[in-house]
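These are the residues of each chain, in order.
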Amino acid sequence: MENLKKLNEKLLGYFEAIEDIKVFNELHGNREDDGMNYSSVYGDVWAPAIDEVSKAVDRLEDDIYGIYENADLTSEFECENVLHVVNMLFNRTFEKYDSELKYYETIMNEGYGTEEMKEEAEVMFLFYNGLQASVKGAKYDYGIR
Amino acid sequence: MVKVTIENKELEGYFNAINFIRSAIGLYSPIEADKNNVIEWDPEVKYCVSEVRVAVTRLYRDLRVIDVENDLTDEIVCENILYLVNKLFNNTFMKFTYDLKYYLAIEYQGFGSGLQDEENDKKRHFYMMLKNVFEEAKYEYGIA
Chain A
696 MENLKKLNEK LLGYFEAIED IKVFNELHGN REDDGMNYSS VYGDVWAPAI DEVSKAVDRL
756 EDDIYGIYEN ADLTSEFECE NVLHVVNMLF NRTFEKYDSE LKYYETIMNE GYGTEEMKEE
816 AEVMFLFYNG LQASVKGAKY DYGIR
Chain B
152 MVKVTIENKE LEGYFNAINF IRSAIGLYSP IEADKNNVIE WDPEVKYCVS EVRVAVTRLY
212 RDLRVIDVEN DLTDEIVCEN ILYLVNKLFN NTFMKFTYDL KYYLAIEYQG FGSGLQDEEN
272 DKKRHFYMML KNVFEEAKYE YGIA
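If you read the sequences in order, they're chains A and B. Quick note on my numbering: the first sequence kicks off at 696 and runs consecutively. Quick note on my numbering: the second sequence kicks off at 152 and runs consecutively.
The following block holds chain B by itself, in its conformation from the complex:
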């Protein structure tokens, strides 16, 4: 029973981690957001933000369904769900590390293609920030 309680707390950690990321990146809709904490992104990165928002909303929805639909008093179910949730969580954010690598490749190419412009810099910074926030959330909530 103690183990199940710990695992339920671990599961709750994923929701907290998602909320942590949403707050840091400003992924809440204007209605949900704390008015003092609204992040106004540059127009160049607005599409990047919306893509992340869609992925995070899907993750949150799927995790809630899994949380509600299963018997979390069962130790085996709890363990399996934690494994599943961890994979979904990591895959959601892994996706955006490829965008970061894409913009890093543009930055490092270094032979004057004309692509090292301000817009690409802003996008690279956004994905770098997302990666850092993701790592911080994992550390904060003990996610593998």
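Bound conformation, chain A alone:
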């Protein structure tokens, strides 16, 4: 029983982790209603990336919710299976953006583009770097592998 409780807490941790990442990166769908500080320094440049990540996070949230709703969370075995799948979905959602980070890092560091291109890369790098840091932080806080 104690084990089952721990598994359920772990499952709920994913929702809390997602919520933290959303707040940190201003990923809430309707930013004005949420009162988020969306129009920060790089708001306009970041907007397409924020929208893209928001959609991926919404998909993750919906899918995790769908899994929880249909699974028998009173079964320890099923809880473990659900945790395994949810972990895969969570990690794959955010790993995707490591490629974006590397893309902009390459432009910044290799120095063969125009100044304008490098400046844009620096700004976008900041966004994806922040996203990566917040994902790491949330994983640590909620004990996600």
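In the EDC-like style, the derived pairs of lysine to aspartate or glutamate whose C-alpha atoms are separated by at most 20 Å in a straight line are:
#: 1; chain 1: B; residue 1: 252; chain 2: A; residue 2: 753
#: 2; chain 1: B; residue 1: 197; chain 2: A; residue 2: 753
#: 3; chain 1: B; residue 1: 238; chain 2: B; residue 2: 163
#: 4; chain 1: A; residue 1: 700; chain 2: A; residue 2: 711
#: 5; chain 1: B; residue 1: 160; chain 2: B; residue 2: 230
#: 6; chain 1: B; residue 1: 238; chain 2: B; residue 2: 291
#: 7; chain 1: B; residue 1: 246; chain 2: A; residue 2: 790
#: 8; chain 1: B; residue 1: 197; chain 2: A; residue 2: 747
#: 9; chain 1: B; residue 1: 246; chain 2: A; residue 2: 800
#: 10; chain 1: A; residue 1: 834; chain 2: A; residue 2: 714
#: 11; chain 1: A; residue 1: 750; chain 2: B; residue 2: 268
#: 12; chain 1: A; residue 1: 791; chain 2: A; residue 2: 747
#: 13; chain 1: A; residue 1: 791; chain 2: B; residue 2: 202
#: 14; chain 1: B; residue 1: 252; chain 2: A; residue 2: 756
#: 15; chain 1: A; residue 1: 750; chain 2: A; residue 2: 714
#: 16; chain 1: B; residue 1: 238; chain 2: A; residue 2: 817
#: 17; chain 1: A; residue 1: 797; chain 2: B; residue 2: 202
#: 18; chain 1: B; residue 1: 160; chain 2: B; residue 2: 287
#: 19; chain 1: B; residue 1: 273; chain 2: B; residue 2: 258
#: 20; chain 1: B; residue 1: 252; chain 2: A; residue 2: 757
#: 21; chain 1: B; residue 1: 238; chain 2: A; residue 2: 790
#: 22; chain 1: B; residue 1: 246; chain 2: A; residue 2: 746
#: 23; chain 1: B; residue 1: 282; chain 2: A; residue 2: 793
#: 24; chain 1: B; residue 1: 246; chain 2: A; residue 2: 793
#: 25; chain 1: B; residue 1: 238; chain 2: A; residue 2: 793
#: 26; chain 1: B; residue 1: 289; chain 2: B; residue 2: 158
#: 27; chain 1: B; residue 1: 252; chain 2: A; residue 2: 793
#: 28; chain 1: A; residue 1: 750; chain 2: B; residue 2: 193
#: 29; chain 1: A; residue 1: 791; chain 2: B; residue 2: 258
#: 30; chain 1: A; residue 1: 700; chain 2: A; residue 2: 771
#: 31; chain 1: A; residue 1: 834; chain 2: A; residue 2: 711
#: 32; chain 1: B; residue 1: 282; chain 2: A; residue 2: 790
#: 33; chain 1: B; residue 1: 273; chain 2: A; residue 2: 757
#: 34; chain 1: B; residue 1: 197; chain 2: A; residue 2: 746
#: 35; chain 1: A; residue 1: 750; chain 2: B; residue 2: 195
So the derived label-pair ranges between C-beta atoms look like this:
#: 36; chain 1: A; residue 1: 742; chain 2: B; residue 2: 215; range: 20 to 30 Å
#: 37; chain 1: B; residue 1: 190; chain 2: A; residue 2: 742; range: 20 to 30 Å
#: 38; chain 1: A; residue 1: 768; chain 2: B; residue 2: 166; range: 45 to 55 Å
#: 39; chain 1: A; residue 1: 700; chain 2: B; residue 2: 177; range: 44 to 54 Å
#: 40; chain 1: A; residue 1: 832; chain 2: B; residue 2: 156; range: 45 to 55 Å
Think of the hints as simulated: they come from the structure by calculation, not from any bench. Bear in mind that the values here come from a model prediction, so they are computed numbers and not experimental data. For every residue, glycine included, the Cβ atom is placed at its ideal position computed from N, Cα and C.
Given chain A's structure and the hints, the job is docking chain B onto it.
Structure of chain B alone, referenced to chain A:
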């Protein structure tokens, strides 16, 4: 000089590879597209297609800028640019392999979560097709 010529051809191979992928996936805008070769994607995958289109357009734009702005008659510059372009090319498409893995995870979970629906199947097929086309383009144009 011979080496530079070969490297310039290699660079051109990246543009050809991008065009190959754009044609195969139907990433051209309706104005650019050959009317006989327009792919009508299901509404469920339209967003996936548009995300890939944005990434490919960015890659093409960045590669063109790098191509135009640098002295491609210099052997060292050419080698460095090829290295850079290869990283940008691979990172652009690597991004979408995570989407494929996401939908594969949903497919393989196998304990009745209700997520194995038609929409997820279509998305998985799209990302699988993109991966195959990407691998084919790399093979066709000798890209590492």
